[in-house]
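First to last, the sequence lines map onto chains A and B. Using our numbering, the first residue of the first sequence is number -12, and each one after it goes up by one. Using our numbering, the first residue of the second sequence is number 280, and each one after it goes up by one.
No lab work stands behind these hints, which were simulated from the structure alone. Everything numeric in this text was worked out from a predicted model, so none of it was measured. Treat each hint with caution, since some may be false.
Chain A stretches covered by chain B per the calculated footprint, using a threshold of three residues with CB under 8 Å from any CB of chain B [to be verified]:
(1) -12 to -1
(2) 15 to 23
(3) 57 to 63
Computed Cβ-Cβ distance ranges for the label pairs, DEER-style [claimed, not checked]:
(4) A:36 to B:629: 38 to 44 Å
(5) A:-5 to B:752: 54 to 60 Å
(6) B:810 to A:-5: 54 to 60 Å
(7) B:865 to A:36: 21 to 27 Å
(8) A:36 to B:789: 52 to 58 Å
The beta carbon of each residue, even a glycine, is placed where N, CA and C say it ideally should be.
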Amino acid sequence: MDVKINQDGCKYEVVLDGRIDTTNADKFQEDLTPLMNAETPEIVMDCTGMQYTSSQGLRIFLSLQKSVIAHKGSLVLRNMDPKVREVFDITGFSSIIKID
Amino acid sequence: MRLNRSLSVRLSFYIVLATGVLFILLLFQMGIAGRNFIRQEATNTANTTLDGAISDMEAAMTDVEAALNSQIWVVKEHLSDPDYMYTVTRNLVDYNPLIVGSAVAFEPYYYPSKGEYYSPYSSTDPQSGKTVSKQLGSNDYDYFTAEWYQVPKLLMANRWSEPYFDEGGGNVMMITYSVPLWNEDGVCFAVMTADVSLSSITDRLSEVHPYENSYPFMLGNSGAYVAHPEEAKTQHETIFTAAIASGDKDVFELGRKMLAGESGNSEIEIEKERYLVTYGPLYNGWSVAIVSPSNDVFAGLKKMNFPMLGGVLLGLLILYFLVRFIIGRTTQPIAEFSYSALSVAKGNFKARIPEVQTHDELKQLETSLHYMLRSFDEYIRELKSSTAANERFESELNIASKIQYGMLPRDFPKDDRVDLYAMLQPAKEVGGDLYVFELSGNHLYFSVGDVSGKGVPASLYMALTRAAFKLLSNMQLTVPQVVAKINDAFAEGNRSNMFVTLFFASLNLDTMEMEYCNAGHNPIVYIDEAGKSQFLPAKPNIACGVFEGFEYQGETAKLSKGSRLVLYTDGVTEAEASDKSQYGEERLLQFASSRPVSESSEKFVSGLLDSVREFTAGNDQNDDITIMSIKFQ
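Work out the full structure, taking the sequences as your base and the hints as a guide.
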């Protein structure tokens, strides 16, 4: 899992690449820590390269979403793979997290 | 101390061995040098002694010669007085101690009045010591043919005779100096002689003793022994007859050189013994030699050998103990290091490292050992803590999974209405799958869920879900309301944002009406009595534990007898082959349709698991797999 974050003020452009599974979920959470601590972040995540996420990955997206709300920011996931989108749909996360 | 001792012993041994070899080489070299030196010294001594003896003898002989020569003119002056010759000879004997006899032997009929033989002769009487005179020549003693008369006359030269035994006179070995006398016409008219006892000459030689057992000998012109310690030899033997008799080639060669008038030194072998010989000529053609046994000459060297060898051995012994002591002392820390290292090897990282006072390799060793110990200590401490952490983690996982799997219900209902079977195949690390069911009267409650995150007590959810079944039966709540309560219980204070996806259902076995709620879980499979499979439609709900107060929506369905429900977790549909492709929902539906409708739940479940395993083909299982089959009849 590769996470690239470009910051411009409050605006964060995040590019995800790879799979999120049990082996790298902790690392993924660590990578997103700056986003979770930011004030009023406007985060746009490009999910083109994310082929899979396990439930641990979902949990981290949920954590991010909650911190974004707490910090009065916004989070949008873009270009999500249909299979991954399905997981978000099944778990009901697509109703919590905005997916374009 | 064993290491210490053996090292010092071994090193000392090698050092002493090497030193010993050097010593022996040195001794050998010294022996050769000493031998050469001693031989040179011996040669010098012998030469000096020989020169002294030779000049003594020559002095004696020249004294005799001078005395005789001094009387020649007297004889010539008094030729007219034949009887005066007695006076001349008497004076020669009286005034020259060496001369024991003297004669003036005239040619036949020189004095017609004196007849054929006229040879006035004076000699010392051996008995009285007085000088007596007589006429020597007679028919019995034809002196004209005597060597002392004939040879000098023929050679026309003054001459010393070879030694001869004087039977008539003193019965001793004699030599005679003969001088031919010539008239103005160059005709020999007489031979004048002086007799000398050989011993009076060679006595000087016998005093020559450079070494205890050395002896001199003298050769005449023909090689005959003129003087030799064994007197018998002087009468009959020559050096050559002696050499032939004993077979000593060295002696023969020596004789040849001496007769040739050479002087020199040689080491020869006589009757298996070695001798040092120094020889030189006398002016009259004789040759003198001093023979010294090598044993005598080199006796000093031999005497030195023992004390020197003893000294060397003693020195080596002292060196051995000294070196052993020094090495022992120096390498003492090594032995202690060895014990420290052994102690360390046994696990004592507080082992004492000996302190080294010197600044050498041992000090480096000490420093290195200290460093090693520190590194060991740190490493072991790290290892211990990480091991402990691992153990703690593993034991927590084990406890968690034990609790989780221990709580799974196993009393599967199987009667004429329902055949339920479930299976949970855990992944290596504990997943969060759970299944629960309860048959209570005519109601069957069942649920399958998947908790996100590791090490989370799925058992808690199970306990909660079970409690929820009680809520359902006792409090008359709807299924979505119960799920909402589960959600609220977990969403409250859920800092780590764990969540659980749940399929939750309540079925009335009499009416076959089912009320269910899907909280973010995979859709369940329904296989009708004809074997046609489909996903049971469900309204989307969010997983439990995410948002407190979320209102869950449920639905109802009427099932037919002979149908089957299949509940599962994403461990089935997301099971991966090595190419990362997933088992997927399509494959699941196909599998469901392919099985006989009447198959027991247990066989169906194991069949589905086999199908998944076949698909992943040995690829690691990375999530729990839970399958529940409920067959209605």
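Unmet hints by their number, sorted upward, for this structure
1, 2, 3, 4
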